[in-house]
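Chain by chain, the residues:
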Amino acid sequence: MNAPGATTPSQTVGPYLHIGLPWPDGPFALAEGTEGGFWIRGTLYDGAQAPITDGLIETWQADPEGRFDHPDDARGARAWPAFRGFGRSATDERGGFGVYTLKPGGVPGTGGAMQAPHIDVSVFARGMLNRTVTRIYFPDEAEANAADPVLSAVPEPERATLIARPAEDGYRFDIRLQGEDETVFFDI
Amino acid sequence: MSTDPDTGAVPLAAGYLRDTGAHPPMDYPGYRSTALRHPKRPLHLLPHLLTEVTGPLLGEGRIGETDNDLTRQHEGEPQGQRIIVHGQVRDGDGSPIPRTLIEIWQANAGGRYRHTGDNWPCPLDPNFTGVGRTLTDEQGRYRFTTIRPGAYPWKNHDNAWRPAHIHFSLFGRAFTQRLVTQMYFPGDPLFFQDPMWNSIPDEKARERLLARFDYAATEPEWALAYEWDIVLRGRESTVFESEVDDE
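From first to last, the protein sequence lines are chains A and B.
Start counting the first sequence at 1; every next residue gets the next number (the UniProt record's numbering).
Start counting the second sequence at 1; every next residue gets the next number (the UniProt record's numbering).
Please keep in mind that the hints were generated in silico from the structure rather than gathered at the bench.
Ideal Cβ positions, reconstructed from N, Cα and C, are used throughout, including at glycine.
A portion of the hints provided could be inaccurate.
[Claimed, not checked] From chain B, some residues computed to sit far from chain A (all C-beta separations above 12 Å): (1) 69; (2) 84; (3) 122; (4) 223.
[To be verified] Partner residues aside, some chain B positions facing chain A, computed with beta carbon under 10 Å: (5) 53; (6) 62; (7) 114.
[What the hints assert, rightly or not] Straight-line distance between alpha carbons at most 20 Å, and here's what the computed DMTMM-like set of lysine to aspartate or glutamate pairs gives: (8) 103/A x 69/A; (9) 40/B x 27/B; (10) 40/B x 181/A; (11) 103/A x 32/A; (12) 40/B x 174/A; (13) 103/A x 143/A; (14) 155/B x 27/B; (15) 40/B x 180/A; (16) 103/A x 169/A; (17) 204/B x 188/B; (18) 40/B x 156/A; (19) 103/A x 25/A; (20) 103/A x 174/A; (21) 40/B x 158/A; (22) 103/A x 65/A; (23) 40/B x 182/A; (24) 103/A x 141/A; (25) 204/B x 229/B; (26) 204/B x 93/B; (27) 204/B x 227/B; (28) 40/B x 187/A.
With the hints as extra help, turn the sequences into a complete structure.
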């Protein structure tokens, strides 16, 4: 028996995660065609800037009012019943992923400060012994982004890697595990 | 908890304990594929705010009748030795984690995955997909019936073989508790050369990936049994708003 407090260690998802983890509705944090819905698409790249085809992206975010469908959000139930807040997308043969979602609202931080709209992201893949975590921020939130405590703690030159770019059907957010434009990753 | 009626401030739930030391490093030269797949810049500390202390509560309507019995998903019986894998999911404080989604995937008895990329020349089993899911009960308990997976070769180093294992994916109750891991079998002779097992720095932590043979849970003339408990991160002690304000 394991003693309480002793966390079970992480291991890689391995090369065959695609048989177990993807769901048909995984990429849809809400039903396609819902008003306000858009795609966040991107490509996952390795250190040689090659697309990673055996990866998986998961997203977790607040609803457009900045609320979470969870007992630890003290403000009660969400006002967007059709919204799951969670997206899961395996990468395809070109390293591409996509999540159909709504733009989150601002989320309370500490001391009455607000965080800019953001999405927490987990990245899993063969060759990764633990997930990496990053955040997606939005390009049309310059003021909120400037005041965001997490984003402002990141050195200016790297900050851009956390901000999605506008795209035809929503936004684009590429994730680079290494290289000159290495995405900022977080220790959680 | 409720919001402050005067300020509208949202009280923050306590964050989760950082479990540095339990997990393998992202860069582990013994596992070759980590070389191009780990961040090279230092990670930035992410405070545990609302997005991190909440997480998707999944599972309702997602579990089919045979999802926790991988031996009943096809017309015939799969090849191999039937096993029961059961245990309890708790957090670092010892509290059971109820109603959390567990997903598993694994190779068949011969060590082959039902995946187009797996070309190890061992037969596929038409009666085994190797994918299961379940929800923990109110006491955090789970149970799967499956087939003991085989070991298989891979190309990481000369004569490399993966010890038999089952992949586990768990959500917990918060984004910070998300865990993907692997369960191993006691007495496996392949650990010494396996970089995934050896990547875990602490030997005691490594052993937490080992299931325990559970004779009491075997089913006569039907199945062997293994017990494997899983521990997700525990909570920090309660944080008061005033302390948070002082950060």
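Against the structure, the hints:
| no. | hint | result |
| --- | --- | --- |
| 1 | 69 | holds (15 Å) |
| 2 | 84 | holds (18 Å) |
| 3 | 122 | holds (14 Å) |
| 4 | 223 | holds (22 Å) |
| 5 | 53 | holds (5 Å) |
| 6 | 62 | holds (8 Å) |
| 7 | 114 | holds (6 Å) |
| 8 | 103/A x 69/A | holds (15 Å) |
| 9 | 40/B x 27/B | holds (9 Å) |
| 10 | 40/B x 181/A | holds (11 Å) |
| 11 | 103/A x 32/A | holds (14 Å) |
| 12 | 40/B x 174/A | holds (17 Å) |
| 13 | 103/A x 143/A | holds (16 Å) |
| 14 | 155/B x 27/B | holds (18 Å) |
| 15 | 40/B x 180/A | holds (10 Å) |
| 16 | 103/A x 169/A | holds (13 Å) |
| 17 | 204/B x 188/B | holds (16 Å) |
| 18 | 40/B x 156/A | holds (18 Å) |
| 19 | 103/A x 25/A | holds (19 Å) |
| 20 | 103/A x 174/A | holds (18 Å) |
| 21 | 40/B x 158/A | holds (13 Å) |
| 22 | 103/A x 65/A | holds (9 Å) |
| 23 | 40/B x 182/A | holds (8 Å) |
| 24 | 103/A x 141/A | holds (11 Å) |
| 25 | 204/B x 229/B | holds (14 Å) |
| 26 | 204/B x 93/B | holds (18 Å) |
| 27 | 204/B x 227/B | holds (17 Å) |
| 28 | 40/B x 187/A | holds (13 Å) |
Of the numbered hints given earlier, the model fails none.
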